Amino acid sequence: MSQTLTQKIIANAAGRQMVNTGEIVTCRVDLAMIHDSGGPRRVQPILERLGVGVWDPQKVVLVSDHYVPAVDAETAEILDLTRKFAAEQKIANFYDMQGICHVVLPERGHLKPGMFVVGGDSHSPTGGAFGCFMFGIGATDMAGVLATGETWVRVPETIRIELTGQIPIGVSAKDIMLVLCARLGMDGGDYQVIEYAGDTIGQISMSERMTLCNMAAELGAQTGLISADKTTEKYIRDAGGNPGDIEMWQNDEGAPVRVNHHIDVAALPPQVALPHSPANSVPVTDAVRTKINQAYIGACTGAKLVDLHMAASVLKDRKVAAGVRLMVAPASQRVTEDAAADGTLAVLTAAGAIMLASGCGACAGYGAGVLADREVCIASTARNFKGRMGATTAEVYLGNPYTVAASALKGEICDPREYLS
Amino acid sequence: MNSGSHIHGAKVWSFGDFIDTDVLAPGLYMKSSLKVMASHCLETIDPDFTSKVRAGDVICAGRNFGMGSSREQAAQSLNYHGVAAVLAVSFGGIFYRNAINHGLMALVCADAHLIPAGHAVSINPVEGIVRDLDNDTKYTCDPMPAHLLKMLSDGGLVSHLEKRFAKGTKA
Chain E
1 MSQTLTQKII
11 ANAAGRQMVN
21 TGEIVTCRVD
31 LAMIHDSGGP
41 RRVQPILERL
51 GVGVWDPQKV
61 VLVSDHYVPA
71 VDAETAEILD
81 LTRKFAAEQK
91 IANFYDMQGI
101 CHVVLPERGH
111 LKPGMFVVGG
121 DSHSPTGGAF
131 GCFMFGIGAT
141 DMAGVLATGE
151 TWVRVPETIR
161 IELTGQIPIG
171 VSAKDIMLVL
181 CARLGMDGGD
191 YQVIEYAGDT
201 IGQISMSERM
211 TLCNMAAELG
221 AQTGLISADK
231 TTEKYIRDAG
241 GNPGDIEMWQ
251 NDEGAPVRVN
261 HHIDVAALPP
271 QVALPHSPAN
281 SVPVTDAVRT
291 KINQAYIGAC
301 TGAKLVDLHM
311 AASVLKDRKV
321 AAGVRLMVAP
331 ASQRVTEDAA
341 ADGTLAVLTA
351 AGAIMLASGC
361 GACAGYGAGV
371 LADREVCIAS
381 TARNFKGRMG
391 ATTAEVYLGN
401 PYTVAASALK
411 GEICDPREYL
421 S
Chain B
422 MNSGSHIHGA
432 KVWSFGDFID
442 TDVLAPGLYM
452 KSSLKVMASH
462 CLETIDPDFT
472 SKVRAGDVIC
482 AGRNFGMGSS
492 REQAAQSLNY
502 HGVAAVLAVS
512 FGGIFYRNAI
522 NHGLMALVCA
532 DAHLIPAGHA
542 VSINPVEGIV
552 RDLDNDTKYT
562 CDPMPAHLLK
572 MLSDGGLVSH
582 LEKRFAKGTK
592 A
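So the sequence lines, in the order shown, correspond to chains E and B. Residues in the first sequence are numbered consecutively from 1, following the working numbering. Residues in the second sequence are numbered consecutively from 422, following the working numbering.
The reader is advised that the hints may include incorrect statements.
To give an idea of the interface, some chain B residues facing chain E are shown, with a C-beta separation under 8 Å as derived from the structure [said to hold, decoys possible]:
no. : residue
1   : Met-451
2   : Gly-513
3   : Pro-566
Distance condition first, Cα-Cα at most 16 Å in a straight line; then the derived EDC-like pairs of lysine to aspartate or glutamate [what the hints assert, rightly or not]:
no. : chain 1 : residue 1 : chain 2 : residue 2
4   : B       : Lys-571   : B       : Glu-548
5   : E       : Lys-234   : E       : Asp-245
6   : E       : Lys-386   : B       : Glu-464
7   : B       : Lys-584   : E       : Glu-412
8   : E       : Lys-90    : E       : Asp-56
9   : E       : Lys-230   : E       : Asp-245
10  : E       : Lys-8     : E       : Asp-342
11  : B       : Lys-452   : E       : Glu-253
12  : E       : Lys-291   : E       : Glu-412
13  : E       : Lys-230   : E       : Glu-253
14  : B       : Lys-588   : B       : Asp-575
15  : B       : Lys-432   : B       : Asp-557
16  : B       : Lys-452   : E       : Asp-72
17  : E       : Lys-319   : E       : Glu-412
18  : B       : Lys-452   : E       : Glu-74
19  : E       : Lys-316   : E       : Asp-342
20  : E       : Lys-386   : B       : Asp-438
21  : E       : Lys-8     : E       : Glu-337
22  : B       : Lys-432   : B       : Asp-478
23  : E       : Lys-386   : E       : Asp-373
24  : B       : Lys-452   : E       : Asp-80
25  : E       : Lys-386   : B       : Asp-467
26  : E       : Lys-59    : E       : Glu-150
Hint data in this document are derived by calculation from the structure and do not stem from the laboratory. Everything numeric in this text was worked out from a predicted model, so none of it was measured. Just so it is clear, CB atoms sit at the ideal spot from N, CA and C, and this is done for glycine as well.
Using the sequences provided together with the hints, build the complete structure.
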């Protein structure tokens, strides 16, 4: 019987020949990713109560990204505990202040097709861009994984998103996701797998594929997934990883699909999500002239090197409007290094951008750049829920990095294509 | 916290669709204790919730309850206030797992959004039956998978694992 890629990965992790959708199975975990917020400070008391340590330190990656750098006694304590946990549990793969977990994991070659991976964070679907089944779980679930090396899963069905055509100027993967949020709704993914296919995929970078999978979380999917190809293989090799046999990890011909949705990417304008949900997305032309206080380029969703390139292409030789603050928090230390080396950082700072540390930062209301009462912000992040980015009366709009940068120049939400030829 | 047992005469709090984790557990308080976090639970949509909710009350909500973050403080804050169960038309997948892991009953009930606030309900999670005692209306819930009912009756994942480790078997 034809199997989906998801079924193949889960069957392999469950030690089975095949699995049926809807079936509940126990899987061996190939890799567990944890961070400073939901990781050590929350799992350690549970491991102590169970009287066990981490089942296999080689299969754990720990990243400090939520409370970096420490800003007060509480966050310093959380980071201190995180560092001590790494040492005590002998977790060699500890990336301290190196960037956001979802970006650091592939950058350091930890992901490859066919893996069954859990992450202690809701944007863990990002890893699905590498052809692995990676989904988010809470801290107690993670403690169970760290204690046993296993977890349960209900085998999801596949919802296929077919993307065709070339991404137009001023448009990015982010816009594809915003339009999907508007069309399918925040529960359109129904905790199944969203798999992206179609000729657009072959034309876009791993970073853009990561954005697609990252925001599968916003569709309420268990995860996002993209079958590996030559681009995947090259990225993993360049990151120092071993891609393995990518032919093994593809959908069978005629594998079952619950539903197929099509997006003509070539006809897509930049999108903006109005407060307070990504599902409130509209074409940017319907959101223009909204005055802003802040423009924020950051998060796992919107501050990878390609995202900074998009922003720089708009900001080059221009200045941020008076009274508006543009803040940029690159997604990782490596992104910062690369952006410094290729001149992108100089373009951003010359335009007036304020550079912030790599981390989850203001996106989730944890770090620098949160908003005051009734302030308005446009951000390249994934979520704009009420109260998420600071004050509960603040209003957050979501856009792609071109749109965020262009809005910073104008002091109001605007169509970035005005600045791009 | 409950132990997967039946609930009798619980007062209903009613919420709409898409109650997200930032509303249940705002990011600003993620570094704080559960006590502090719980005092802000749902304040952005109902400032009276934390002062008026009583142990044993239940929440009835619409689609995708608990969507968003993996932060389990969203479920724990409800536990902190003694919420006995959440009935929703559907749940955010991570929240659903987190709730059960913390011994918070989470039932998928297609008509949960129709149950009026302030009414008293009885819940039989094993048979999947909810009764509105104020207007004698019966609602049905999706049956919970057996392994999750077991986890719930053990008081959550950690207690469940404790039992299994004590028996010398792996989870």
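Next item on the list: Hints the structure violates: just list their numbers, smallest first.
Entry: Of the numbered hints given earlier, those the structure breaks are 7, 10, 11, 13, 21, listed in rising order.
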